[in-house]
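Undergrad: Hints in hand, dock the two standalone chains.
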Amino acid sequence: MKKPRLAVFKFASCDGCQLQFLNAEDEILALGRLVDVVYFPEARGRMLAGPYDIAFVEGSVATPEDARRVVQVREESRFLVTIGACATAGGIQALRNWDDLDRYKSAVYPSPEFIAALSTSTPISEHVRVDYEIWGCPVDKRELLTVVRSLLSGAPPTLPSYSVCMECKRRGNVCVVVAKGEPCLGPVTRTGCGALCPAMNRGCYGCFGPADDQNMRSFARLLTSQGLSPEESIRRLRGINGYVRPWREAVDAINGKKNQDD
Amino acid sequence: MPSTERKTRTIRLGYVARVEGEVALQLTMRGGRVSDLKLKIFEPPRFFEAFLRGRESREVPDLVARICGICPVAYQMSAVHALEAMFGVSVDPAVRMLRRLYYCGEWIESHALHVHMLAAPDFLGCESIFTMAERNREAVERGLRIKKTGNAIVALLGGRSVHPVGTCVGGFTRAPRRQELAALREDLKRARDDVLECLKWVAGFDLPDRSGDIEFVSLRHPDEYPMNEGRIVSSKGIDAPADSFDELFEEHQVSYSNALHAKVRGRGAYFVGPLARVNLNFDRLGAEVASAAADTGIPWPNSNPYTSIVARAVEMLYAVHEALRIIDAYDPPGTPHADFSPRAATGRAITEAPRGALYHFYETDDAGLIRRARIVPPTSQNQAQIEADLRGLAPQLLDRTHAEATRMCEMAIRNYDPCISCSTHFLRLRIERE
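So the protein sequences, as listed, match chains R and B.
Every letter in the first sequence is one number past the one before it in the numbering used here, and letter 247, counting from 1, is 324.
Every letter in the second sequence is one number past the one before it in the numbering used here, and letter 299, counting from 1, is 311.
Read the hints as simulated data drawn from the structure, not as lab findings.
Hints are all accurate, no fakes.
Each computed DSS-like pair below joins lysine-lysine, with the alpha-carbon atoms no more than 30 Å apart:
| hint | chain 1 | residue 1 | chain 2 | residue 2 |
| --- | --- | --- | --- | --- |
| 1 | B | Lys-248 | B | Lys-50 |
| 2 | R | Lys-182 | B | Lys-52 |
| 3 | B | Lys-212 | B | Lys-160 |
| 4 | R | Lys-182 | B | Lys-50 |
| 5 | R | Lys-182 | B | Lys-275 |
If you want a taste of the chain R side facing chain B, the calculated C-beta under 10 Å gives, among others:
| hint | residue |
| --- | --- |
| 6 | Lys-87 |
| 7 | Ala-89 |
| 8 | Ser-90 |
| 9 | Leu-99 |
| 10 | Arg-110 |
| 11 | Asp-143 |
| 12 | Cys-163 |
| 13 | Leu-172 |
| 14 | Asp-176 |
| 15 | Tyr-181 |
| 16 | Arg-279 |
| 17 | Arg-312 |
| 18 | Gly-316 |
Sample of chain B residues with no beta-carbon within 12 Å of chain R, all distances over it, derived:
| hint | residue |
| --- | --- |
| 19 | Gly-100 |
| 20 | Arg-190 |
| 21 | Pro-234 |
| 22 | Ile-250 |
| 23 | Phe-261 |
| 24 | Gly-278 |
| 25 | Ala-302 |
| 26 | Ala-341 |
| 27 | Phe-352 |
Here the structure is a predicted model, which is why all the values come from computation and not from measurement.
Ideal Cβ placement from N, Cα and C applies to all residues, glycine included.
The following block holds chain B by itself, in its conformation from the complex (with noise of 0.2 Å):
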């Protein structure tokens, strides 16, 4: 038997570093294959599903909030939406654009983040955002503008932009008056050129190219890019009613991770965030964003997953412009909430995260206390699928320092951006050879 074949070496990453939340990686090779991948989440357990049962219906969005510091929106999204359809509310149009804006600054707010702070630091050989002002300080403050300008039409709508407090059913405790709204337009038009540097700034990084056979699944509405509402599609051919989650996926528990994984029922691992989105809704960014995203000589849309921080950078200047257009278009809500009558009933709803589809169901009684709740965050539904990205990866590992294996292990497990607070920042990497 030749030696390679008995050649067992094992990479443990005790943690990944700069993303959200605590994650291992427990990979084992036996002759340059891969004989058991782990990909752990151990962020302790906050049980959100338990505690949310005999709450009111409108403590919800503030509750839920609390899963993800990052992306408190998408989270009072899926559920504000979700208890609407099930108590009958219907928002005011105005409401509804309102929202959009709000998501508009999470995503903004949320990519920034991601690429300038978590990711663009392994393109550039850097610790941290820190050190990587001292060699590219001016990319740096372009990021920290964008970041600030999605952080304050958070703030805006919802009085802070962690943990915001103007989201209710039925739409929002306070709406902006018009001249509120107008001050953030110089910041945005700003924003706007500071974007579409930091599109060609991220497209002329050195993408490895790991194209692989992935199945992408977002929201696709009619008319517009996906934030709030849509069917669910994929590219191998998924097209249903956003309410049928259940039976297009399957959660499972595997015994080394504390968030569940999700699959296609009868085929696999799925691919949701910024990427899923691009690639399935490229006709629906606009022909000023959609020659942008063409310049940069990226196909789109592509399957090689290390172009999720261009798909950001995409969907920033997507955000920016959109922000720009409902501001202008904006004529305030008559009144900023619709009332609303708990009843018992069961209820669904996906929004699109920064980071993918984020579903959501709850069951209310009589009184409108939730019975039971259920929230698949992008997160876990990504998990199997970035397991499969680090198997595909495995084998150019073997001969790799511990340094750059750990390196290229953590930059494939951040093409998902994961949000581990969320799924339930870390990796430490062993490696084992025997």
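Excised from the complex, chain R in its bound form (with noise of 0.2 Å):
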């Protein structure tokens, strides 16, 4: 039987959840068995042209070009899955989305006109169809391997969407909310990183974007009991997954509540 091509592509990212294929310590030479990893510019020297039956993509889209190639990826892949919180909802560099662009080109750089970038870094779903999304950030490498698994014997793959709170009661954590009184986004925030933050002594910061089913009214509340004002409030919602849309839409009830007090 022909092994499946596999590739991975590179959007704007800090290759974080690509280098996850590279932390499989234990399972990436089998996976060099299973598969034919035949696009993956960081760990091979040449790429070989697609089509691709598993195409797994890094990053946002953030400069023109990108824009263009997103579309190339999907009309040479079988299977497009985007892989972390870049990919899946904007990023952190989505945080220009709020801004204006040559404002921060010329924050970094002295000849900004020499810079060519969007005014917005958006998921790779707002350009092409995408078939499934693997959150996080970066995505943890036991997701990442299910899905492969799953994608390789035929059967579409599917990763816990409920909050990270499920896990953290599962793993025993001390809650940090009640204990402490630590802001803690893990009431809305999907699982998949095992409640990392939590069992870390502090309070979740979202990097695995929404999970299904939050309250996210009622969770602004929450954040504003605890003593936070709402500029507070906001940066924590306007983080790496800042520019999902039900985070989006509880930063702007935010903001319209306090335009009312105002």
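TA: Dropping the structure here:
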């Protein structure tokens, strides 16, 4: 049987999600036997042309050239799977979406006119059809391998989408909200990390994006009832996955309330 | 006019493979001499220094980690050191040692990745680690074990190896118990043997010799091999406090790249990273590591960029020894982190990322919100030196096939293990002959 052809593409990102393939030290050689890794600039010398059976896409669309390239990646790929917060939600660099690009450019570069960038950083799904999304900043190695395994065996991959709180209770963590009054995004954040932050004695900061069935209106009230100012609450939500719709809307709600009060 | 005088050849590498990030090279030669050379970093800019403005100081370690998935600890370390200096925070000595251990983990993980997955395939004529595993199974498995041990250290202290969550201004959110650290000992002891083998292996590679007139720059500490602290020193006589970075070096922008170039003021290109550190701190490696490094037959210090891969193996060995030493001496801190009160201040710090000196500057307002940030990663500091190396290499490329020329350029670039994601993976080479 011909081995499935696997590709890993990079857009605007830190490389941390594709690194999770290489961090699968116990599994990577087995993976190399199951698939042909034909396109993976970080891991091989020559890139082979499509079509690809499975394309993993890391990073957000943030330059005019990448907006064109992502269309081509889609055309060449049977399954397109986004990996990580950048590809799935626009990433931390989507903070520019609320600001002025020229101001951003001139904050970093002495000659901003040399820099070609879009005014927004957007998820892959705003540009092309996406088959599956893996959340996380970075994606969890086990979730990544689960998806590979499912796709190779012809089964639709499913990953849990309930909140970090469920995982946190199972892990036996002490709740940082109840015990320490520490603001925590766990109640509205998707599981997948293993409730890492509470286990490390701190509040979750939402790097796996929104859980299904969160009640953002009530959560925004929880943040303010913990003594956070509207600005502090907004900063909590406007982080790694700040551009994702439910959190964007929660920020709008806080802003609306703030304007009413003013 | 002899015909070679008119012969022009342009080499364009559209992307450089097996590096971390997106970079292209354009090289034009006329009559055997370079008339134009541009290393183009086309990694999309993500504007960290812009969006950091208005964020809280305590958020900075989580945010700057996202600059690089391969060396997030380095970004966190430079950030917390700068912010702690600004807010007058002094950390527990045990926390200081845990940070050193943290850095050992990242050096091991990052160097093992580069040596085995990015650089070694060049010397063995392989396309990737996957094809390399068919013929060099033992070396590949050894490399994966070393890398896993480095990742395990970072994950123990930070919760996970990529974008760890345990770092905070003042220390760690949680300090490990003594027995948790002790559990790493067996793997580290095995890694010590593995790295010794790895060191002999890479020293036996057919390393080109292109020694040049290079200014090496790194931190130097009174007693330790440099990681989090020290003075800035160079092989051409710099010896200055770390906070004088801006007086010593300048950054400038070139039209063809999304990363800023850096130079020694009034001089020119310089070289940061493992080879610079080993060259300038050989006497801080400790007797055992220094003797293993000397046994390779490679002279230290030396100015051949191709020995960088060996310098990386030397540093892995140092990091494994140092990690074992820290674990054995560990006494948990009274509290995992010191409290801090943010205030209006400016501050700067340099720490030694796996790829070299990483400079951070911050300015905060009264509430501790970031007003200004500046980050100078090792790869942008090395850019001008990489271009200088390629310029030196160019005459040898003239009569090579396209594939050979590509490989030679890529290897010259890979000496620096450039992490392009940081500076703002790839070389697509195009050669044009007129």
